[in-house]
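Enquirer: So you can see what is in the structure, the chains are spelled out below.
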Amino acid sequence: MSEPTSSDDTSGVPAYGHTRDTETGAAPLAPKEFLRWTWRQLTSMRTALILLFLLALGAIPGSVIPQDNVDALLAAQWRREHTTLAPIYEKLGLFSVYDSAWFAAIYLLLMISLVGCILPRTRVYLRAALARPPKTPRNLSRLPEYRTFTTDDESDAVLERAQAALRGYRVDRHDDSLSAERGYLREAGNLLFHLSVLIVLVGFASGSLLGYKGGVIVVTGGQFANVASQYDEFDPGTLFDDKNLKPFSFKLTDFKVNFIKQGREIGMAQKFSAGLDYQTGPNAKQQHTRIEVNHPLSIDGSKVYLIGHGYAPNVTVRDGNGKIAFSGPVVFTPEDSSFRSSGVIKVPDADPKQLGFRGEFYPTYGFTDATGPFSAYPDAKNPALVLLAYAGDLGMDRGVPQSVYALDTDGLKQLTKSNGKMFRVELEKGQTQALPNGLGSITFNGVDRFVKLQVSRNPGGWIALLGMILALTGLLGSLFIRPRRIWVSVRREGGRTVVEVAGLDRSSGGNLTDRVDDLVGSLEEKKA
Amino acid sequence: MTHDQFEVLSNQAIAICGAAYFVALLLHLAEWAAGRRVPVDAPVAATVGAGAESRPTEAAEAAEVEDHDAAEKMERFGRWGLVATIVAAGVHLVAVVSRGLAADPVRVPWGNMYEFTMTGTLVVVAGYLLMYRRFSLQWLSPVVTGFVLITLMVDVLLLYTPVVPLRDALQSPWLVIHVIAAITATGAFTLGGMASVLYLIKERWLERGGSEASNGYLARLPGLNELDRMAYRTHAFAFPVWTFAALIAGPIWAQAAWGRYWGWDPKEVWAFITWVVYAAYLHARATAGWKGRAAAIIALIGLATLWFNFVGINFFFGSGSQHSYA
Chain S
218 MSEPTSSDDT SGVPAYGHTR DTETGAAPLA PKEFLRWTWR QLTSMRTALI LLFLLALGAI
278 PGSVIPQDNV DALLAAQWRR EHTTLAPIYE KLGLFSVYDS AWFAAIYLLL MISLVGCILP
338 RTRVYLRAAL ARPPKTPRNL SRLPEYRTFT TDDESDAVLE RAQAALRGYR VDRHDDSLSA
398 ERGYLREAGN LLFHLSVLIV LVGFASGSLL GYKGGVIVVT GGQFANVASQ YDEFDPGTLF
458 DDKNLKPFSF KLTDFKVNFI KQGREIGMAQ KFSAGLDYQT GPNAKQQHTR IEVNHPLSID
518 GSKVYLIGHG YAPNVTVRDG NGKIAFSGPV VFTPEDSSFR SSGVIKVPDA DPKQLGFRGE
578 FYPTYGFTDA TGPFSAYPDA KNPALVLLAY AGDLGMDRGV PQSVYALDTD GLKQLTKSNG
638 KMFRVELEKG QTQALPNGLG SITFNGVDRF VKLQVSRNPG GWIALLGMIL ALTGLLGSLF
698 IRPRRIWVSV RREGGRTVVE VAGLDRSSGG NLTDRVDDLV GSLEEKKA
Chain R
116 MTHDQFEVLS NQAIAICGAA YFVALLLHLA EWAAGRRVPV DAPVAATVGA GAESRPTEAA
176 EAAEVEDHDA AEKMERFGRW GLVATIVAAG VHLVAVVSRG LAADPVRVPW GNMYEFTMTG
236 TLVVVAGYLL MYRRFSLQWL SPVVTGFVLI TLMVDVLLLY TPVVPLRDAL QSPWLVIHVI
296 AAITATGAFT LGGMASVLYL IKERWLERGG SEASNGYLAR LPGLNELDRM AYRTHAFAFP
356 VWTFAALIAG PIWAQAAWGR YWGWDPKEVW AFITWVVYAA YLHARATAGW KGRAAAIIAL
416 IGLATLWFNF VGINFFFGSG SQHSYA
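These protein sequence lines are chains S and R, in that order. Under this note's numbering, the letters of the first sequence match residues 218 to 745, in that order. Under this note's numbering, the letters of the second sequence match residues 116 to 441, in that order.
Hint data in this document are derived by calculation from the structure and do not stem from the laboratory. Be careful, since some hints might not be right.
Counterexamples of contact, computed for chain S against chain R with all Cβ distances above 10 Å [as the list claims (entries may be wrong)]:
(1) W254
(2) L269
(3) D625
(4) S658
Label pairs and their computed distance ranges (CB to CB) [said to hold, decoys possible]:
(5) R/G331 x S/T365: 40 to 46 Å
(6) R/A241 x S/A345: 37 to 43 Å
(7) S/L402 x R/E341: 24 to 30 Å
(8) S/T339 x R/R194: 48 to 54 Å
Here are the computed lysine to aspartate or glutamate pairs in the DMTMM-like style, where the Cα-Cα straight-line distance is at most 25 Å [as the list claims (entries may be wrong)]:
(9) S/K488 x R/D119
(10) S/K478 x R/E122
(11) S/K646 x S/E552
We treat Cβ as the ideally placed atom computed from N, Cα and C, and that holds for glycine.
Could you build the full structure based on these sequences and the hints that come with them?
Expert: Shown next, in the form of structure tokens:
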């Protein structure tokens, strides 16, 4: 470990801003004075500390309560399950803590406090940075480190040697002494760190104002064009204009995943990759690429990431009239690592009644009395669908937007066998099952795969990164650069030269003693 | 050696190093027990010197001889404890390395919590051993060996996972960079936290009339200022490393893997909270009225958020976090 130093200065610049924690305002204040008092309070270190704690505390709810812009599905589910708390939380902005007014208030106050701190400090520092080392004090023996010795060398020779030995110091030569100082960059590092926090904030803000993030599920063979309406989830920045979406499009040609087939890692998925045929614009040449986790596709500053995958059973539903009312893949969302997946099939075009199905898909179907149906393996070795069937009104015409993953059963009646017993659709690949009461039939044609892609654009990302790197640089400077002052004074006494050396560390934890000893050693070296 | 043999080796090495840490802990406890009979301000050399100068009475002489024996015993126990710790750390290193060699294909041993904890404790021990001489850390020995022993026990009993290949999301050079930095910072923060705990205990003890002149463990701890400085130095080392791990390397990797550099994932939120609390610690240490006790408490709050992030998030928010493997 290198040697960090304490930041408690033993002299000079106050620790934070131009105020200390000594305010004792009791008398009523005039408005101007009140403002000044408020400003001082705000920029005091104590306030900054309290704001830091508030920021930490304020961040906690966002990790406990599902956030709209982190996991919208989970947040919606949470709202449904907690009908009493949800409206209260909604008012408090607890479903989007990091965009909420109160969270912004905390960090903006902190930033104001920070600016109030670094502005005056910068002014003080600029003056100090250009200053010469302080004149040699009259009584050097009072300083924390003090040595004296006599030598036969001439005074000038001693001082010259001292000047040479004090490399890296700013040295001022006086008549019979010299003063040296180093470590000016410590405070610069400190200021740079605080300034960089502002830069990071600007980068972060510009990303969330001008950028966007969208999620889309695409079934193999499916297409996607980069317009807002094609996204399943679209989270634009406040100032983002849909017109700024780059006009690219792609087709998902295939999806590969490798499930480990034996050993204890059995069932673990590896080496996902999705093949994309993409065009950067309507008239651009079509190109092919493969994207993987950690290897996104970058088009004109937008990036396409592979973030998930799952199964989309392909089904055909015939209605009571024998007409095909629906046919195609339906996305079922994976529930666990065995890819037991749940989903909903809605058939609004079915006559005489609309049909709906809700249930689970098992890529490798297994059943025991103890567990019920389960998936034994994540790959589609023995796929099966187990669904409950509903008939009635799907409620899709009421103008309320519906999730494609949820069935609104208010207007629906669960189908039962003619004897009133529970009815379940249980299908293996290729099978067809008739629905009770002549309502139609459902066929499980096969299994398609889907991928979950994320498309995003983070225009301020590099600003934030730059800011963070500058902040780290500044931080290292402010923690590890040690400001130090050294004085050497000489006087002739009885034909010999009396040398005095003294040192002062302006931060604690340094090895000043060793340094002063070294210096004395190098001055004594050439005597005799 | 085959991968399977390396896995067995790793498991055996962990058991052996656990036993060695236990021996080290016992030796250090014996050291401090022996120390109760040695006056604080009379280390071995001084005791010998003092006898020559004055003309002590017979009784005092006898007492001195006894003191001298006890001091020697204390030193011997301490030395053997240190040797046991070094041996344990060596075996510990074998366990970590062979864990990586046990995977097929060979990988860095940072794929799950069992492996993180195993490496993190090694960092704590390594940090302690590296600083031992320079900062005369004898007083920290029982705390470090005890902590590492208990943490490793918890690791083996509760967090053990057989060796499996890395999942896709982890297959990135950033795994090495991000995780080395995060584990190093965690180890250093933990060491700093130990100094802060001892600071608080000693401060309270002094306040309640504990005397520096007694012979107990607390009296032998460095002075409050020195404990504070040691805590500060360790934290000042850990903070920039944490900054790099959580706020630079992490976001760069997240940008590549998940398409956003900062997504307020629970793990990210708590890494941020930890950062903010430790930033408050550094500021508090430079503020009148917050130095000393308040700063030490803030450091411990920081450590609590750090550990909660490491362990708690996975148990409470496991499925909701993209870092669920970590």
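Enquirer: Could you work out which of the previously given hints the structure breaks and list their numbers from low to high?
Expert: 2
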